[in-house]
Structure formats: C-alpha cells, structure tokens
Amino acid sequence: MLLIRCPYCGERAEVEFSNGGEAHIDRPRDPMSLTDEEWAQFLYMRDNPKGLIAERWRHAHGCNRFFNAIRDTRTDRFVVTYEIGQPRPEVTPEQAAEAAR
Amino acid sequence: MSLLSRASGRTLGRVPGRGRVNTRRPVRFTFDGRSFEGFEGDTLASALLANGVHLMGRSFKYHRPRGPISAGSDEPNAVVAVGSGPALQTPNLVATQVEVYDGLTAQSQNRFPCLQFDMGAVNNLASPLIPSGFYYKTFMWPRNFWTKVYEPIIRRSAGLGVAPTAPDPDHYAFQYTFCDVLVAGGGPAGLAAALTAAKAGAEVMLADETAEFGGSLLFDRASRIDGLPASEWVERTVAELKKLPNVRMFTRTTVFNYGPHNMVALNERLTDHLSAPNPATPRERLWQVRAKQVVIASGAIERPLVFEGNDRPGVMLASAAQTYLNRYGVACGRRAVIATADDSAYRVALDLLEAGVKIAAIVDIRPKPDSELFRKAKAAGITVLTNSTVQRAHGSQRIHSVELAPVLPGGDVGEGKNHRCDLLLMAGGWTPSLHLFSQSKGKVVYNAELDTYLPGESAQAERSTGSCRGLYDLGEVLADGLKAGVAAAKDAGFEGEVDLPLWEVTSDAIGRGGFTGALPRRGKGLTAMAFVDYQNDVTAKDVKLAVREGFRSIEHIKRYTTTGMATDQGKTSNLNALGIASSALGRPKQQIGLTTFRAPYTPVTFGAFSGHERGDLFDPDRRTPIDPWARSKGAVFEDVSLWRRARYFPQPGEDMDAAVARECLAVRKSVGIFDATTLGKIEVVGPDAAEFMNRMYVNGWTKLGVGKCRYGLMCRENGFVYDDGVVGRIAKDRFHVTTTTGGAAGVLNMMEDYLQTEWQDLNVWLTSTSEEWAVIAVQGPKAREVLAPLVDGLDISHATMPHMSVVEGTIGGIPMRLFRVSFSGELGFEVNVPPSRALEVWERIWEAGKPYDMTPYGTETMHVLRAEKGYIIVGQETDGTATPADAGCGWAVSKLKKDFVGKRSLALPAMQDPDRYQLVGLYTEAPQEVLEEGAQLVASPNEVIPMNKIGHVTSSYHSATLGRSIALAMVSGGRARMGQTLYVPMEDKVIPVTVTSPVFYDAEGARLNV
Ligand SMILES: [Zn+2]
Chain A
1 MLLIRCPYCG
11 ERAEVEFSNG
21 GEAHIDRPRD
31 PMSLTDEEWA
41 QFLYMRDNPK
51 GLIAERWRHA
61 HGCNRFFNAI
71 RDTRTDRFVV
81 TYEIGQPRPE
91 VTPEQAAEAA
101 R
Chain B
1 MSLLSRASGR
11 TLGRVPGRGR
21 VNTRRPVRFT
31 FDGRSFEGFE
41 GDTLASALLA
51 NGVHLMGRSF
61 KYHRPRGPIS
71 AGSDEPNAVV
81 AVGSGPALQT
91 PNLVATQVEV
101 YDGLTAQSQN
111 RFPCLQFDMG
121 AVNNLASPLI
131 PSGFYYKTFM
141 WPRNFWTKVY
151 EPIIRRSAGL
161 GVAPTAPDPD
171 HYAFQYTFCD
181 VLVAGGGPAG
191 LAAALTAAKA
201 GAEVMLADET
211 AEFGGSLLFD
221 RASRIDGLPA
231 SEWVERTVAE
241 LKKLPNVRMF
251 TRTTVFNYGP
261 HNMVALNERL
271 TDHLSAPNPA
281 TPRERLWQVR
291 AKQVVIASGA
301 IERPLVFEGN
311 DRPGVMLASA
321 AQTYLNRYGV
331 ACGRRAVIAT
341 ADDSAYRVAL
351 DLLEAGVKIA
361 AIVDIRPKPD
371 SELFRKAKAA
381 GITVLTNSTV
391 QRAHGSQRIH
401 SVELAPVLPG
411 GDVGEGKNHR
421 CDLLLMAGGW
431 TPSLHLFSQS
441 KGKVVYNAEL
451 DTYLPGESAQ
461 AERSTGSCRG
471 LYDLGEVLAD
481 GLKAGVAAAK
491 DAGFEGEVDL
501 PLWEVTSDAI
511 GRGGFTGALP
521 RRGKGLTAMA
531 FVDYQNDVTA
541 KDVKLAVREG
551 FRSIEHIKRY
561 TTTGMATDQG
571 KTSNLNALGI
581 ASSALGRPKQ
591 QIGLTTFRAP
601 YTPVTFGAFS
611 GHERGDLFDP
621 DRRTPIDPWA
631 RSKGAVFEDV
641 SLWRRARYFP
651 QPGEDMDAAV
661 ARECLAVRKS
671 VGIFDATTLG
681 KIEVVGPDAA
691 EFMNRMYVNG
701 WTKLGVGKCR
711 YGLMCRENGF
721 VYDDGVVGRI
731 AKDRFHVTTT
741 TGGAAGVLNM
751 MEDYLQTEWQ
761 DLNVWLTSTS
771 EEWAVIAVQG
781 PKAREVLAPL
791 VDGLDISHAT
801 MPHMSVVEGT
811 IGGIPMRLFR
821 VSFSGELGFE
831 VNVPPSRALE
841 VWERIWEAGK
851 PYDMTPYGTE
861 TMHVLRAEKG
871 YIIVGQETDG
881 TATPADAGCG
891 WAVSKLKKDF
901 VGKRSLALPA
911 MQDPDRYQLV
921 GLYTEAPQEV
931 LEEGAQLVAS
941 PNEVIPMNKI
951 GHVTSSYHSA
961 TLGRSIALAM
971 VSGGRARMGQ
981 TLYVPMEDKV
991 IPVTVTSPVF
1001 YDAEGARLNV
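Same order as they appear, the protein sequences are chains A and B. Take the first sequence: its letter number 64 is residue 64 in my numbering, and every next letter is one higher. Take the second sequence: its letter number 772 is residue 772 in my numbering, and every next letter is one higher.
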C-alpha cells in the first residue's frame, strides 16, 4: 500500500485517498465560446505517460481536500505533493531518476 | 514393506541429553490415526522422526512416498493436514513447522486408500507418459474430454489437501502498526541488527517464523560466542532485547509480503501450537507494518543434490539432520551416508558421530576438498570419497543403500559401489533466501564466486544482512548484523553513537563449496527420477526436455515444467533448475536469471486475510432509526446501496403484490407513512451559495425564494444526468440539498472537486448532513390533517405552505425542518428531525394517523407511486448516457444561465439528435401483462435475429390505482412515437405495447395542489 503525503495532514496510507485523474487541466472560463473540438479536447483527452505524471488526489478519509502530486507511473514513487493552485513544480533530473529507480 | 515399516516404527531415535525439547512434558498426538508420543517443543516432523517414521506424504504427480528433507519452512515433501472435521481441518501445512501438543491430530495427504499403499502410485510406473508440459500436450483432444474425463481424474490424483467445507469457527485479528526498523528473521544476523538498532533508539520490531529466536545457532554445537555455547548466547541476547522498551518481539510470525513504500505484512500464529487455547485469543493476527527501514535477515537454505532417488524417505538435507539432532534431540537414522559439495556437512558428520550415528561414508563431489573440518573428519576415521558422486539411492518407503561412484577424468562416472545406510544426507551448498528482497522489487545479482544470486541495489528502504547476502562465517554474520542495525537506525533518523558489543566468536572455518544442477551420473538416465522440485514432482529430465522443446526463458521453463510454482515457491529448487537449464542451454547462469519470487513467502490462511470481516461484518449495512419499528411490523427488507430499507409491510397471507397494491391504494385514498431517511443531504452555506448552486445544477436558483423548494437536476461535465433531488432554500445563504440514496457521497465529492479546484473565488461551505436528519414522509390526501395538530402551532395550510415549500419549526418540541414535497403525486410532507429523536416522532405521527387508517409503506410502493406519476429514478431510467431532455426533464434546464456543469456538452450536435433515447410510457395490450424490466423493444413483430433494438423497458409495475400494468421505457425518438405500437420480444412470445406519455396519473397535478 502506497504512502502518500497530504500537504495538509502529512503521510497517510493510500486507503485514505482517492485518485482524481490528471492535474493542471483547467476548466475553460467560458465553455460556450469553445469549438466542439476544443471542448472535446478538454473533456476527454488525457495523457497516459509511462513515467512522471502530475495528478490530483483527494484525502477523502482525512481532511477531504484535493491536492496535486507528481508520481512515476512505472514505480509508484512520488516526487512531490503540492497544494491545488500551485504551478507544477520543476522536477530535477536527479529527482526523476530517483523516482524511476 | 510391512517388515520395514514395523522395524522402523519401533526404533526410537531420541538421543538422551541432546536438543531443546522439554523431555519432562511428553505429549500424545496421532498421525493417520496412529498414536505417537513426542515432547513439548517438538515439531510434528521431529516427533515422527523420533519414532522412526520418515514416510509422511505422497508426491503431487507420481504419488511417490516422501519424507521430510528439511526441518523448516522450506520443506516441500512433508505436507500434512492438521485437525479434523469439516471445519477444523487445515490442509497443506508442513510437518516441519507444525508444533505438537497433546491431542493434535494430523493426516497425510494425496494418498488413497492409505499412505503405505497408494493406488495413485501407478502414476509412478506411467511416469514416462507424464513429462513436463503434459497438461498441455496430452489432454488437448477430444476437446470435450477435458472437463468430463481428464480434469476430474487429474484433480483426484494430482493435488494437495482437501479444503474444509464448513465455516471456520476460529477468529482472526488484523492490525496496522508502525516502526522505525523491522527486522525480518531472528537468527544471528537478525538478533544483532535488532539489538544495535534498538540501542540507537529506534522503535524495533523483530519477527521470526519459528517458535524460538536463534535460527542456525539453535543447532550449532561447535561455535562459541564470548566463550558461551551459541544457544546460550541466544538466550542472553533475547533476554537483553526483552528488557528494552522500544523492541517488540514476535515468534511464530512470518514476514510473508514486502509491498510498496515499505508496507510489510506479517502473519502471527497465536494458538496453533496450544492444545487448549483461550477462546478469546485469535488464532492468527495479520500485521500490516509501515516500517521506516527494513532489515532482511532471512538466512540461507541448504540446496539438495539432484540424483536418482533423491526423494526417497531417509534422504534429507545435512543441515536438517543436524537440526533434528541438536535442536530436537532426534537421530534421523543409525547409519548415514553424506553427499556433499560443501564443508559444513563435515561438521554434521562429526555431530552425528558424537551422538552414536555410524557414518558409512562422506562422498564429496569436489576433487580436492581441504579444510580443518575435512581433516577432523578424516582423523575421526570417517571414510571420505572425493571427486565422487551419488549414482542412485535405493529403497522405496525408506532408503536402504546408495551407490557411490567416482567421477572420471573428462567428467564420465565410473563403476560404483553400494553402501548400506538408512539415512542419506545432501549438502549442495547454501542458497541465500532472496524472497523478501525480490518482493521489494530489488534486482538480484549473480555472484560468480559463490555461484549464486545475491541481493543487488535496494529498491526500497531496506538492507539485507547475514547469510541471505552470502555471508556464512558466524563472526562475519554477527558483525554484519551489528552494522546493519546501526545503519538502519541511522537511516530512520537515529544518528547517536552506539556502544557496539564486542563479541568474541570462534567457529568452524568454512571454505568454498556448493553445487548447482544435476550431479554427474553414469549413462543417459532417461528414466531416472532425479528430482529438482520435489513438491511439484519436476525432474532434471523435465527441465532438459523443456529446453529441447524450444523453451529459452527461465520464466517459460518454470511455467512449462511447473518448477518453483508450488506452495514452497522454489525455496529448495530454484538454483538447481537454473543450473540444469544453464547447461542444457549452453549459456551461463547469469544470462538466464531467476524467476520472480511471489508472495506469500509461506502459505497464509484465508482466515488471516479476512480477519474480522466476515459474517455480519463482511459488508455491514446502514440502518435508519426507524428500522426497529419496521422490523416489529414485519417489514420485508431490501438492500439499497449501503442501506437496509423496508421494501413492503405484508399483512398475514399477503404476498408482495398484494401488500404493495394495498399500500398504494391507502396512500392515494387516505395517507401513508414512509421512511425516507436514506436520502442524501448536503448543506450548502455561504454568501455565494446561490451562485454555487447555479453552477452545479442545470436549474436556476437565484430567484428561488427563502422557504421555497425546487427539483434540482445535476449533470456531469459530459452533459449526462448524474443525480437529482429536492432542494430547499432555508435562508438567502443556505440551501438544504437532497440527493439520491446511493449518490450522496459522489455528489458531495463532485461539489468539493469544483469548489476546491475550479471555483476558489466562491465563498461556500459544504457539509454532509445525511446523518443529521432522519426523514419521515407523510403522503396522501389526509397528510395535513394528521400532521397539523403535531407541529406546535405551525400553520401548514395550503395558503401558507403550498406545494414545494419548506419551514423550520418544532414537532412536540423537537427541532424540525418540514418540507411540503411529494414523490407520490399526492399532498405530501417530509418531516426532517434529528435521528436520535426520529423514532419518537415517527410513533407520534403513527398514533395521530390511526383515525385515518394510516398505512406504512416501503420502497416498492414508493416506486409504483412515482412511476404512476412518471417521476424518474436516476440510475433506473437513466444509465449515464441520458441528458435531462432524454429523461423528460428538459423543462428543468435553465436557458438563462451562461454556464453550468454540463451546459457546453448539451450544446454538442449529438445531444440534439432526434433519434436519441427518450423517456416514454408503455401500455401493454393486455392490461394485466406486466413487462420485464430490462426487456428490449423492437419496431416489428417479425424482426429477424439479430433484431434491431430501438429501446428498453426501465420500470414496470402493476398499478392498483389504475387497475392495469404500466411501464416506463427509453425509446429511440420516443416522444415522436406517441400512439405507435412497438413490440417486446420474449423467449416464448412477442408482447405488443402502445407508446404513451410517461405520466399515467393526474397529469395536470391537481392532487398536489390541495
Ligand atoms: Zn489531508
């Protein structure tokens, strides 16, 4: 079972969390101004990387807050977790290599 | 056969003065119905061996007689069932781990009719017909023979134990815990590591799978630590550890799984070794340990040698014989031959000799063994044959002789000589136990010097210490353990200086040794039964055959031959299989690699995994405060999401249809009472509450007045209906939102998601209030007359409190939110009160309703009443592909709002398609015909298969109110089909139906506005 660091509560077991899919996909401010293609892109298209992904997690059985995390999908190692609204942090090559290990 | 077993059965193998068993505490137990005596501290295997019994099982495929080859959890042969009766029998335990107690009953497995004479042994004669991959080859044709003929025969003859058939009467516990340093294995390295990690200040857990700490030191009579015999050093160290408050120690506890992020699973066996356990004590406890650091001190396992007859009872590992002698005080035979590729076997020979066992010969595969032990053995007068091999072991249910033969220059094997013996010991060198390291995702690395695999770079916060990383000298092992403990504590954050104990160690010098693969033999040996994997009956030639048939990857060879796949997970067999595959493939071992080690390390009972989660606790249901009342009235219940709900209230002699018809008519004619507590409730509060509601729901909320209610419909961003429910505006900044019973958690999650991640500009708070309000629905033309006298002077007249309004007040002094809403189509109220007072309020209303013949009704009647009105149920009419318009709720969608969740998607062209499935009503031609929910609709009675489906029935009931059946359906372009005849093809008939409006009763809503 993974150990996940909630930015508000600290490290907790995976069972307390639910995954919320890819992060940093902002809902358009004025959806009606988008073309059908643009809207479909927002609604359905997601990355599925083999490697680092920025994703949303919710501390569902804890503080109930959403936060973001960078995780390596191959190893399930987390590089960092951070609060909603913060930009995606830079990952150094060393951090990436450690996560891929 | 009978002579042999009688002779051996009477020969007691107990050696006075040896072993750690308590000879003052004899215990009686039975094996296959025969009574035996053992001592407290014995395992089933040691006690049987003490009684001269080697034959303990039959092999998996060929039903060959087998005895134990080991003295621990690596045992592949002596697999037994313990306990008796349909519930208490535990199959597939190894006799080398089962501890005896007074009254223990054990049975051998995989034999018929008995262990000594087994019909299945005919498989042994037919062995040339059962080569590797025989499952795949032999039984492919004819196809239907597999399930009818082959499989039943194979299952009966090839298999392990029998699963218990009755529920398990024992109970099991489960616990999460944390520690700084978890030490897996309580041998010398593990004890040393635990001690120093604890002294550094770390919280330490130390676990060992056996009954005692000490590992190899418990059978090591040669070594001295600080001048003490090794076993006394163990006692001293264990006592020291026990005094430390930051150490938790577990015996009979197997570390069986190493999961991600240092989550490690332990299984603690608490009562299996007791004859009269305290019933309050769980049989086993599963520990899930999150360890900052793990020290793997799992030891090494001695390798068998692969030669013809190496599975005969009486053939065992040298270290096992040493363990039986020194730990249990049992000599496993009277005359031993020792086959070795390793110096440690010479110490075993000396130990046995000292205990009075004759050593017929030591045969060493190495050309020029030379060590102090070798010289000691020679000096003791033991015959040592070097550069020699075992050609074949003779004997069926017990070995009686063995042919030893010289290896000639060039590698051929010369003519040999038979040596009489009743015990043949194998010492093929040591295999470091890599299971936990491999489970932690660490990559193993081949070490040419030791000719074995060792732990490579760590993938998690762990380190291996002692013989599991290839150290075999006791002094080195202890020093390595000390270092590992300090390093683990340091990595866990305990940096302080530790006073390292300085232990003075004297022990045998062990030189280079070890052998992998099959021993050289004379002749091709095409029919020789030389076993690599004892438990799965895989022979050397099976592995060679797999290579000849084209298998190259070790993972494929494993699956084709099944080597390493049984409950022992290849503990004794992996390296020999690798050695044979390597020479057959002509490729070095390091290019072939090891197969993956799977968890669990040893088998774990299902009971341990399920813990307390069984019976009523397997899937607990939520119950409302009205549940006891409903039970007292004889309600029939159903599960609705996590809740248990009253479905109907049958009176004597009534079936469901009769009860529902009566309940429906009562609501329509007078008044009914219904427990709606399971509705989800969310309190939406804050200055921006209305704006938040505008964005979340398809409806408009700005103009909803305080004290008014509105039916709210929620879509997902893809435009499809997600949930619905009535929403009341309690104050300008406060909404009382209700959701479907099953949707409450999901709706709150979705609201929180938007609020936290998209609309941080909104000042709104969301609180789940599902558990704060019990809901009593009072529905029917007499509802107001029942309630009016109870609500402490509140004016609930139609003028003051019209349909779709909400008011706060009290009922008999109890705080209440009173909604005037209806899911039945009749005048209706929903009384919201705190759950702690709900039963009291319910009973008061029940009393007040008696003059009106008030009737309790359940979910089934609720469904019929709402279907008569064409009210949808999300998840029944809708299926995740229905828009509000599809579900007949287009009227609820605000045209004025610029945006809401789902609005953009509803504007996509596909959402306007006139052929979309739309909600309609259906009348069957025959009024008493009730359609099946889920039935398909077609346009013509003469459709040919595959039919062109144009819709399906979503709800279908007999309506007592209308005196006929009604149904709701989703039909392609349904609203344009009013009056059309469609067809429902069933297995035995085609039912014609007429498309109609989904509102069957009181279409103008007159009954709501009274
Ligand atoms: Zn949290």
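Quick caveat, the hints were computed from the structure, so don't treat them as lab data. Please read these numbers as outputs of a predicted model, since none were measured by experiment. Please note that the accuracy of each hint is not assured.
Partner residues aside, some chain B positions facing chain A, computed with beta carbon under 7 angstroms [stated by the list, open to error]:
| no. | residue |
| --- | --- |
| 1 | Pro26 |
| 2 | His261 |
| 3 | Glu497 |
| 4 | Arg904 |
Quick look at which bits of chain A chain B covers, simulated, 3 or more residues with Cβ under 8 angstroms [what the hints assert, rightly or not]:
| no. | region |
| --- | --- |
| 5 | 29-36 |
| 6 | 59-65 |
| 7 | 88-101 |
A virtual CB, placed ideally from N, CA and C, is assigned to each residue, including glycine.
Against the structure, the hints:
1. Among the interface hints, the one on B/Pro26 is violated; its C-beta lies about 46 angstroms from the nearest C-beta in chain A, farther than the 7 angstroms criterion.
2. Because the closest C-beta pair between B/His261 and chain A is about 4 angstroms apart, less than 7 angstroms, the hint holds.
3. Look at B/Glu497: its Cβ only gets to about 29 angstroms from chain A, farther than 7 angstroms, so that hint breaks.
4. Using the Cβ-Cβ criterion of 7 angstroms, the hint placing B/Arg904 at the interface with chain A is satisfied: the shortest such distance is roughly 4 angstroms.
5. Counting residues of the region 29-36 of chain A whose CB lies closer than 8 angstroms to any CB of chain B gives 5, which reaches the minimum of 3, so the coverage claim holds.
6. Counting residues of the region 59-65 of chain A whose beta carbon lies closer than 8 angstroms to any beta carbon of chain B gives 3, which reaches the threshold of three, so the coverage claim holds.
7. Closer than 8 angstroms: that is the beta-carbon criterion, and the region 88-101 of chain A has 1 residues meeting it against chain B, so the requirement of 3 is violated.
When each numbered hint is compared with the structure, violations occur for hints 1, 3, 7.
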